[in-house]
Amino acid sequence: MLLIKKPFIFMRHGETQANQGNLFCGATDIPLNESGREQAIKARRVLKKLDISNLNVISSSMQRAQQTTQLALPDVNFVTNADLSERSWGEWEMTAITHSVSYFDTPPGGEPWSAFIHRVTQALNNILLANEFPLIVAHSGVYRVIQFHATGSPNGARVPNATPVRFWPEADSWQQQIVQE
1120 MLLIKKPFIF MRHGETQANQ GNLFCGATDI PLNESGREQA IKARRVLKKL
1170 DISNLNVISS SMQRAQQTTQ LALPDVNFVT NADLSERSWG EWEMTAITHS
1220 VSYFDTPPGG EPWSAFIHRV TQALNNILLA NEFPLIVAHS GVYRVIQFHA
1270 TGSPNGARVP NATPVRFWPE ADSWQQQIVQ E
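The sequence shown runs 1120 to 1300 under this note's numbering.
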């Protein structure tokens, strides 16, 4: 399944204790920490530079994404989508990331990459079909799925917390740009 070629903005949620501690967080539904709340408020200033009056905002249903959305866009109504939830890392959840992990591997009791990419791609396509220029607030794993469609690989630099990234199609490829303050 391919990603529909329409422009959108993606923003990863603000920092959590799991991010700070370099832990697999995955499907564990934890809130933002103080730094994450500050990051989301800072993202508000960045997003104000964009014409967000026509943006439809869709957030993962996980609390860290919803909190980021509420803090970054306090006057904007948004909807949640459970299919934008982070990948389950199974037995690795809330354990230290001590080694390099292939996204294609399935952790014990976790969600296979093939199921995750299918779930997220279907959610993204539904969002892109229903919205002219959406802002999607979700997780690092969702960003990896977008990267997979944009570059053919989920690997690469990790998207910073609460940092908007604009994606747009160009011919046979995707372009992306971090939105700066």
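Simulated from the structure, these hints should not be mistaken for lab results.
Since the model is a prediction, treat every value here as computed from it, not as a measurement.
Among the hints, a few may not be true.
[As the list claims (entries may be wrong)] With a Cα cut of at most 16 Å, we get these calculated EDC-like pairs of lysine to aspartate or glutamate:
id, residue 1, residue 2
1, Lys1125, Glu1289
2, Lys1167, Asp1291
3, Lys1124, Glu1289
4, Lys1124, Glu1251
5, Lys1125, Glu1251
6, Lys1161, Glu1300
7, Lys1167, Asp1194
8, Lys1124, Asp1291
9, Lys1125, Asp1291
10, Lys1168, Glu1300
[Said to hold, decoys possible] Cβ pair distances, simulated, as ranges:
id, residue 1, residue 2, range
11, Trp1287, Ala1234, 15 to 21 Å
12, Leu1121, Glu1157, 34 to 40 Å
13, Pro1126, Gly1271, 17 to 23 Å
14, Arg1164, Lys1124, 18 to 24 Å
15, His1218, Met1120, 28 to 34 Å
16, Gly1140, Ala1276, 31 to 37 Å
17, Glu1153, Met1120, 37 to 43 Å
18, Thr1199, Glu1251, 29 to 35 Å
19, Asp1224, Val1195, 20 to 26 Å
20, Met1120, Trp1287, 30 to 36 Å
21, Ser1272, Ser1154, 37 to 43 Å
Cβ coordinates follow ideal geometry from the N, Cα and C atoms, glycine included.
Sort out which numbered hints this structure fails and list those numbers smallest first. 2, 11, 14, 16, 18, 19, 20 and 21
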